[in-house]
Amino acid sequence: MSEFKAKLSRMWLKYKETDGFHTLMGSLFAIGVGLLIGIILIVLVNPSESGEGIFRLIKGFMNHPRGAWIGLGQLLYRITPLIFTGLAVAFAFKTGLFNIGASGQYTVGLFAASMVGILGDSLGGFQWIIAVFAGMAAGFIWGAIPGIFKAFFNVHEVITSIMFNYIGMYLVNGLLNADFLRTRVVNGTTNRTLVVDQAARTPYGPFNAIFPNSGLDISFLIAVAAAIILFLVLNKTVFGRELKSVGMNRDAAKYSGVNEKRALILSMAISGMIAGLGGALFILAPSTRNLGNAYAIENIILPAGFNGIPVALLANSNPLGVILSTIFIGHISLGGLSMQSVGFVSEIVDIIIGVILYFSAFALIMTQYLGKVKDRIAKKKQDSLKTEDVVKEGEE
Amino acid sequence: MHNVIEMQHITKIFPGIVANDDVNFTLRKGEIHALLGENGAGKSTLMSILFGMYIPEKGVILKNGEPIQILNPNDANEQGIGMVHQHFKLVEVFTILDNIIMGAEPTKYGFIKRKEAKEQILELCKQYELLVDVDAKIQDVSVGMQQRTEILKMLYRHNDILIFDEPTAVLTPQEINQLMITMKNLVNEGKSIIFITHKLDEIMEVCDRVTVLRRGKVIGTVDVKDTTKEELSRMMVGRDVVFTIDKKPMQLGDVALEVNDLTVLSDRTKKHVVDHVSFQVRKGEIVCIAGVDGNGQSELGLVLSGLIKATSGEIFLSGEDITYKSIRYRNDHGLAHIPEDRHKHGLILQDNLANNLVLKKYHIEPFQKHGIINKAPIMELGDKLIDRYDIRSGQRLKTRVGSMSGGNQQKAIIARELDKDSDVLLSIQTVRGLDVGAVEFAHRQIIDARDKGKAVLMISFELDEVMSVSDRILVMYEGQIVKNVMANDITVEELGLYMAGVKKDIVYPDRLSEPMIEKVEEEQAHE
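Protein sequence lines, in the order shown, are assigned to chains A and B. Counting with this note's numbering, you get residues 1 to 396 for the letters of the first sequence. Counting with this note's numbering, you get residues 1001 to 1527 for the letters of the second sequence.
One chain only, chain A, in its complex shape (with noise of 0.2 Å):
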């Protein structure tokens, strides 16, 4: 017992060495002064409430009214779209790739799967698998794009792939008004696309027995994998190991003998295609009372792509993290839900997330500085010292 007890303290130890500590507790840095601003806000605004509106943030999932297993299940059904957009933005980041067009490769991504999933009835207990690669590869294509116009005409990717949002949604409403989808995959009334078939949704599997009629099914298992995946990719392949050498230096890697212009297009690319997963799977997802979703046809773009980023960003791009910060923020968001029955409005949690990301942002720079301030204080009495010996020393 001792034993297994110094060998976790050795590795404790060696644990507080490496970069990946010193991220998580800027991380943890950065969410403390967040919640700290909301708590301050929710005191200021409503004094007389505060203490159920702050005791309502901090229970988050736990809220839900059939209890706080369920509302686990809840959140983790919630999150699940953004797991997976967050992986891409954190995956092109790691490759050193600014991937902001997330949500319109989430949106092809949720338009093909479906597709499939509504029109390919003759592919039966296929389809949903079907499905869920087609909104892969439409996610995949979409993100190669802007990858292929930065490999060869240096074009920058944020520019592109922020025009491809937009490109994205017009494509997919342009489809779906045209008289030869729309009569036999939209409903006129609703101006939504029709759920799709009941082959094509993803199975609950275990999850219906374990969180009844939260509507968590396979995906959160896929997203888990998909983050493993990524992240054994980026750290022990040599695939992984090129795409991250042209990130951190295009012409070294291309000195290497990396193919820099197909690792870029290839970074994009797989970037795209989990975006586009994460679109199939939210809109093949079996869901509560078992409707379906539905994408409405409006010319807005998906929010879920550029909440990646957040997510992204707060996890530092580590695919492991980006499953613990998207259940975080999952988390506060279902919290200031319910602190809009005590009187609050949600959107405090909105500020709460904005704070913690421009902490955790610099929750790094400040840790090094707060280090160096601290030092030079130290320096300076010495050095005051220091002087007035040797002043004395010349003067003798």
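There could be a bad hint or two in this list.
Taking CB as the label site, the calculated pair distances span [unchecked claim]:
| no. | chain 1 | residue 1 | chain 2 | residue 2 | range |
| --- | --- | --- | --- | --- | --- |
| 1 | A | P47 | B | I1068 | 45 to 55 Å |
| 2 | B | K1217 | A | K5 | 41 to 51 Å |
| 3 | A | R262 | B | G1190 | 51 to 61 Å |
| 4 | B | H1370 | A | L13 | 29 to 39 Å |
| 5 | B | E1057 | A | E52 | 49 to 59 Å |
| 6 | A | L13 | B | E1462 | 18 to 28 Å |
| 7 | A | L232 | B | Q1395 | 46 to 56 Å |
| 8 | A | L181 | B | E1092 | 48 to 58 Å |
None of these hints come from the bench; they were simulated from the model. Predicted model, so just to flag it, every value in this text is computed and none were measured. Every residue gets a Cβ at the ideal spot worked out from N, C-alpha and C, and that includes glycine.
Dock chain B against the given chain A, drawing on the hints supplied.
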């Protein structure tokens, strides 16, 4: 002559390394004081402390006998301390005038008084004989003129203590001579100069005193007139340094690298930067391409390594046509390459030393298996190379390469490329930024490689290196090979004539293009 700057008992510690250990340094008024030391000896750290970029753990700085506090470069500037960094701090798209006045603009009602500033700067140019075109943009002028801009920046701010951090590393021989004259002018006008360099000849030429650092400690301060190159290098590396390298007679083998009628067209100028070049390099010989920087050698290096595409012509590696092969194919089939620009191509600065040492190998076994990276052999290789090539760093394999000194970065590249099992070594500006000890070591390694039967093609802008290492010399001028000669059969003076384009031979006349022959004939006709 009194001391303008005294640095007393300076100690600066970085993680894993004591960069300065109780260093004492004095600078007298009106002297050129050289700071000499091996790569990573702590010269740059000491000067960064004086310039306010680092704060030492211990020690005081006195100016004219008064203790001063320098917490940042602005403090240093107020104390009249200016620095020309090895990598210039200039805005490329600004004019020289704007760069000089930037941060210290003379203004009236918030408008810059450019005309006044210009007059002032032209006055300075005249006083110190510094030739610059104040209205030209930085991106359009030569490296030498950029450096003069940096000097003018210091003079414009009335700095009288000037630090030059390896100023000659980037200059051509002519520009170096000019800089030496400028430095003498500056001290004649009452400035004091600290001159960081590796080149002993330069120290002997212009400096008054020299302080030698080794592994963070001061070994001594001596008057230049009382010392010799040999003594300085002994102080610096702690042992005798051999300036002349003995080589075994070469054992020529098969042709390992063959270049046929190779041409590279510049995208920008639409001129042939490499102009119908043909040559061969055999196993067991060191061929050096000499020439003044900018005559197409850089492009030749890039095209041989595959970083740019050939416009026409052929490259054979051990008999195989690799003209259109990928970089990785060349790497894996016997081409090692020490690149000219180590920060751009040679290293991934954000990454650690271990990963950089295996940069060209991690895709082959045993460093990977089935696409999964295998860490143990990578660490083993890294440890081996660090020890064998004496690469100094704070945390060994875990060190971020960007935090290492320039010389040690270069050693890491040399280690990686020489360790590669390859027939041909393409080495460009091999010893840029290395101290004499490391230069000797690197040259020794290259000669050993040649003795083991590698074909070595070096590209160098430094005549000393060309003369001391190579077996055969090719001179490149305006993209063409104008001389092909055994190193023993030519003098430095004659080589200089070819490099300057005064003399030209027709090399491989059957393979040279028409224009060149015409040109030579025209010139002959002219004469």
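Checking against the hints above, which ones are violated?
6 and 7
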